[in-house]
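Protein chains: 2
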Amino acid sequence: MKKLSGIKTVICDIDDTLYPSTEFASIARKNAIQSMLEAGLDAGAGRAYAALSAIVAKYSSNYPHHLDRLCEKFGCLGDKKIIAAGIKGYHDTKLTIQPFPDVPRTLLELRLRGYKLCVASEGFAIKQWEKLIRLRLHHFFGQVFVSEELGMSKSKKFYVHIAGKLGNAGNCLMAGDRLEKDIIPAKAAGMRTALLLASQNGRDIELNKPSSKYIDLRLRTFSDLLKYL
Amino acid sequence: MKKLSGIKTVICDIDDTLYPSTEFASIARKNAIQSMLEAGLDAGAGRAYAALSAIVAKYSSNYPHHLDRLCEKFGCLGDKKIIAAGIKGYHDTKLTIQPFPDVPRTLLELRLRGYKLCVASEGFAIKQWEKLIRLRLHHFFGQVFVSEELGMSKSKKFYVHIAGKLGNAGNCLMAGDRLEKDIIPAKAAGMRTALLLASQNGRDIELNKPSSKYIDLRLRTFSDLLKYL
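The listed protein sequences derive, respectively, from chains V and H.
In terms of our numbering, the first sequence opens at residue 12 and continues consecutively.
In terms of our numbering, the second sequence opens at residue 12 and continues consecutively.
Fair warning: there could be bad hints in the mix.
A pair counts as met if it fits within one copy or between any two copies, since identical chains are not told apart.
Claimed, not checked - Straight-line distance between alpha carbons at most 25 Å, and here's what the computed BS3-like set of lysine-lysine pairs gives:
no.	residue 1	residue 2
1	K99	K41
2	K105	K14
3	K127	K19
4	K127	K238
5	K138	K167
6	K224	K167
I should point out that these hints are in silico values taken from the structure, not numbers from a laboratory.
Given the sequences, and given the hints that come with them, work out the whole structure.
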């Protein structure tokens with residue numbers, strides 16, 4: 012297995028890279044619906060979950076009124092008790108948030124081998140920091156770059172900016188699960204890239220097609236980094 | 012501030028060293044009693060808490076029937092519903108367990124400076140490991156020595172045995188909160204010692220009296236280790 016030379020900094024995405032965010036969101040939404048049903052939402056659990064999933068897809072995950080739209084659909088718009096129950100069900104689930112099993116020991120080992128670690132993440136700064144802290148991974152990272160704070164989403168410009176802060180794009184390895192967000196623009200900015208395959212189930216990525224030229228490493232799981240560094 | 016030379020391994024106690032176990036136990040017992048009252052225990056909260064504290068003191072913290080004795084005192088011996096409520100209240104509190112705030116970053120920094128880290132703890136192996144895992148500190152420690160597994164409590168012999176496993180007592184620093192368990196026997200085995208003062212409130216330790224000769228470092232808080240190493 013060929014080692015990657017010259018890397019000094021490993022930059023990590025958070026969602027579906029450090030922890031299974033897709034799975035977490037699914038569980039949290041189910042728990043929100045359970046609480047809302049218990050509080051009086053008049054719907055079947057399956058239909059309510061499907062409706063909530065459709066609402067999230069339509070309005071994006073950071074839209075703040077998913078549950079209002081859900082109540083609207085089932086004839087209880089404005090019922091604060093049901094909304095509050097949903098919020099409680101969702102937020103209680105955060106207590107169960109866990110990193111991918113190999114992530115904590117891999118981050119520690121990378122630090123011990125002398126690599127700097129950073130985060131590059133799309134979203135709201137407070138929300139992304141809350142995840143790092145709940146995962147108890149925050150101490151590993153020297154710098155955390157979040158799109159909201161930088162005022163730009165994950166584009167080539169975003170990664171050029173980060174590379175400027177870290178010194179040299181050629182010494183950076185960007186690790187993430189999204190070809191369009193983590194791999195292609197990071198490579199365009201001169202970084203090396205590692206694509207997490209663990210989260211690719213059902214995602215329509217043609218890994219052996221033209222996108223191949225953007226991917227330096229394919230990681231079956233996060234700890235595979237240790238084989239290449 | 013004089014640095015300690017020749018230390019290669021830092022050995023840590025768990026309870027009241029890595030996390031505030033006394034405070035945790037107090038909160039967990041209060042939550043156990045709240046649950047038992049809710050389930051029908053016929054007692055005042057204050058009296059029930061005082062009774063439970065007395066039972067723990069009398070039978071030791073590892074005695075498995077504290078709640079049976081508590082029910083006995085308040086006339087509901089054998090009431091499984093009340094016992095179960097108490098167990099639930101106690102165990103749910105474990106979800107809130109947190110390290111002392113400076114512990115995770117201090118352990119990481121010690122590892123980055125090249126020190127080996129170990130644990131030396133008195134108690135049952137499974138219970139002590141559960142604490143390390145819940146605290147998410149388990150990856151920092153190369154070896155974990157628990158009295159149950161070694162078949163001896165924290166005596167000079169216990170520390171001599173550990174030093175044998177680690178190489179040389181003179182390269183070891185034992186950090187803990189208990190003079191009798193962590194400091195005096197470790198020193199007798201040839202280790203250097205660091206006493207945590209944060210947990211000494213109300214404990215009758217004459218720090219400037221004869222015991223002084225056993226204490227190499229007095230730590231106001233765990234991160235003070237970084238000043239001496």
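We went through each hint and held it up to the structure:
Within a single copy, K99 and K41 get their C-alpha atoms as close as 12 Å, and across copies as close as 24 Å, so both meet the 25 Å cut-off. In this assembly of identical chains, the alpha carbons of K105 and K14 never lie at most 25 Å apart, being 37 Å within a copy and 42 Å across copies at closest. Taking identical chains as interchangeable, the C-alpha atoms of K127 and K19 lie at most 25 Å apart whether they share a chain (6 Å) or sit on different chains (24 Å). Taking identical chains as interchangeable, the C-alpha atoms of K127 and K238 lie at most 25 Å apart whether they share a chain (17 Å) or sit on different chains (23 Å).
With identical chains, the CA atoms of K138 and K167 are at most 25 Å apart within one copy only, with a shortest distance of 23 Å there and 49 Å across copies. Proximity of K224 and K167 under a CA criterion of 25 Å is satisfied intra-copy only: 16 Å inside one chain copy versus 62 Å between copies.
Going down the numbered hints, you'll see the structure goes against just number 2.
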